[in-house]
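Enquirer: Produce the complete structure using the sequences and hints provided.
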Amino acid sequence: MTAVAGRPGVRVGPFSWVFRPRLVLVPLLAAALLVLVMALNIRLGDFPMSVGDVLRTLVGGGDPTEQYIVFDLRLPRSLTGLLVGAAFGLAGAITQAISRNPLASPDILGVTPGASAGAVGVVVLAGSYGGVAGLASTIGLPLAALAGGLIAALLVYVLAWRRGVDSYRLVLVGIGVEALMMNLTYWLLTLGDVTEAGRAMVWITGSLNGRGWGDLVPVAVALAVLVPVALIGGHVLGALQFDDDTVRNLGARVEPARAVLILVAVVLAAVATSAAGPVYFVALATPQIALRLSGTAQPPLVASAVLGAALVSVSDLIARVGFGGIELPVGVVTSVLGAPYLMFLIIRRRREVRA
Amino acid sequence: MSTARLRAESLRLGYGETLVVDGLDLDVVGGTVTAVIGPNGCGKSTLLRAMGRLLTPRGGHVLLDGKRIDKTPTREVAKVLGVLPQTPQAPEGLTVADLVARGRHPHQSWYRQWSSDDEQAVAEALAMTGMSEFAERTLDQLSGGQRQRAWISMALAQGTELLLLDEPTTYLDLAHQVDVLDLVHRLHSELGRTVVMVLHDLNLAARYADRLVALRDGRVVAQGEPGEVLTESLLREVFDLEAKVIADPVAGTPLVVPVGSRHRTS
Chain A
1 MTAVAGRPGV RVGPFSWVFR PRLVLVPLLA AALLVLVMAL NIRLGDFPMS
51 VGDVLRTLVG GGDPTEQYIV FDLRLPRSLT GLLVGAAFGL AGAITQAISR
101 NPLASPDILG VTPGASAGAV GVVVLAGSYG GVAGLASTIG LPLAALAGGL
151 IAALLVYVLA WRRGVDSYRL VLVGIGVEAL MMNLTYWLLT LGDVTEAGRA
201 MVWITGSLNG RGWGDLVPVA VALAVLVPVA LIGGHVLGAL QFDDDTVRNL
251 GARVEPARAV LILVAVVLAA VATSAAGPVY FVALATPQIA LRLSGTAQPP
301 LVASAVLGAA LVSVSDLIAR VGFGGIELPV GVVTSVLGAP YLMFLIIRRR
351 REVRA
Chain B
356 MSTARLRAES LRLGYGETLV VDGLDLDVVG GTVTAVIGPN GCGKSTLLRA
406 MGRLLTPRGG HVLLDGKRID KTPTREVAKV LGVLPQTPQA PEGLTVADLV
456 ARGRHPHQSW YRQWSSDDEQ AVAEALAMTG MSEFAERTLD QLSGGQRQRA
506 WISMALAQGT ELLLLDEPTT YLDLAHQVDV LDLVHRLHSE LGRTVVMVLH
556 DLNLAARYAD RLVALRDGRV VAQGEPGEVL TESLLREVFD LEAKVIADPV
606 AGTPLVVPVG SRHRTS
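These protein sequence lines are chains A and B, in that order.
With this note's numbering applied, the first sequence corresponds to residues 1 to 355, in that order.
With this note's numbering applied, the second sequence corresponds to residues 356 to 621, in that order.
The hints are simulated quantities; they were obtained by calculation from the structure and are not laboratory data.
Each hint should be verified, as a subset may be incorrect.
Lysine to any residue pairs mimicking SDA-like chemistry, simulated, CA-CA at most 25 angstroms apart [what the hints assert, rightly or not]:
1) B/K426 to A/P64
2) B/K599 to B/V576
3) B/K434 to A/A257
Small disclaimer: the values here were computed from a predicted structure and weren't measured.
Expert: Okay, here's the thing in structure tokens:
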């Protein structure tokens, strides 16, 4: 049998895949970085601990105080960062792969701002009339964010639809919906009282401060359900990278496949937003970083998720130690890192191979 | 006419408000090369897209081996019928091998993404188009002719008995046009594939096709062997073109020599 250059195979019984070393190596290295940064992050706080202490406590050692500090106070925050980053990274990779446009991501397309508007609505309105607590904050906030994200996504899709969705028009309409959702959020802020509005303001920049196990659960559940869906759908995603005629010719059912994957991306982005606020640019930048590191033509899903987690964790560490005694919200750091990158993308004309 | 592998029955096709094809019947016989010719905007590409179930008809049906193509699972169709659109698009960083391997999509699933059969089919498709040595190049590193051959390789890797090619020679210089059509000829003669292609060059269409289908305003004006179809009166009727038709000195097929106003003698 003749081999095809550049595509060695891994075959076990009926299973077969292309073996791409960089698609294994990049997530592994990113995961190693992630563990290191999380350990450094957990070390920080009023009660000083060494990285060794942290790692020892994590695997079951340490005294009760250390256990309490690590497991009840600091680990939830770091894990929330990890899960939120992974969700944004994966959501961005799916969106960019489907739209074949590096500018398309849940933040640019209005999904993340829509989820913010939904969540701020709950914080501000429920806050003024009885306080967000218990059930309202663990279930209500993610649901409101999800509803906001879905409405924004639906709005973009309907407005951009002209017998198919052109990816350039998709981004333009998305930017419009993004502005709409942002202003809706600001309007909602004016309705709440000052303390609620102040709290919501920190939240809408994207913050991991004070995150506990309760914030983490919805993201963990969403990832547990949707990562397998995305990975199985990832095979279809490979066919969706072409123009619609070519995709149809390959026997892929374009619209249903696209709808399911878009829904996965929207839910991931919305739930992540409800946990930590819209941590901007993670969903935009991570898939392209993953793509370049892996040397693939389409954003790789696993690498994007792990790199997203690493990017949020690194940004959170910078936000906590980089500015003297002041702890910034993580979203400030990702925005500062991401904004120049967005400009670079816009300046660089989108090129696409046409036969 | 039980040998028709692909058949159009009173097809009505259009985009938005405009109707491009209104009531067209066509039979594509197995093991033949058919070229669809006609002036710009006559509905050639629209017809090809409908025959390849890329466009849903407003009325009428397309039958693949006697069964309605829109009632057959699209994946099953994709194993028998391959379509190469006029301007296919792919991400810039895609390698030739990865592009061609995507042609195997109808034969794959999420857990079976690169079987020995897939690899064999891709290797053969690359060899047939002379693209093996460019397997690891990305599409943006290729010339127009190489890129077109890469896309044709993808269609070949799909392993379908029927191939619909929409202007496979566009943007190519004459030498590369001949290369592509020689390849089509080999597909037909060596592998027994059935090919339907839209072509603009009438002389090449006459040389490489067994059958010509001449369209004007969404209607079939004439069809049959090139010698019967390509006549001076048909050129006038279909293209509004004054031309002499002589015998091609190489192949003996019709050769169209347009008159044009500069040399018109009245």
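Enquirer: Please go over all the hints and tell whether each is borne out by the structure.
Expert: Okay, the hints, checked on the actual structure:
| no. | hint | result |
| --- | --- | --- |
| 1 | B/K426 to A/P64 | violated, 67 angstroms |
| 2 | B/K599 to B/V576 | holds, 19 angstroms |
| 3 | B/K434 to A/A257 | holds, 19 angstroms |
Of the hints listed earlier, the one the structure fails to meet is number 1.
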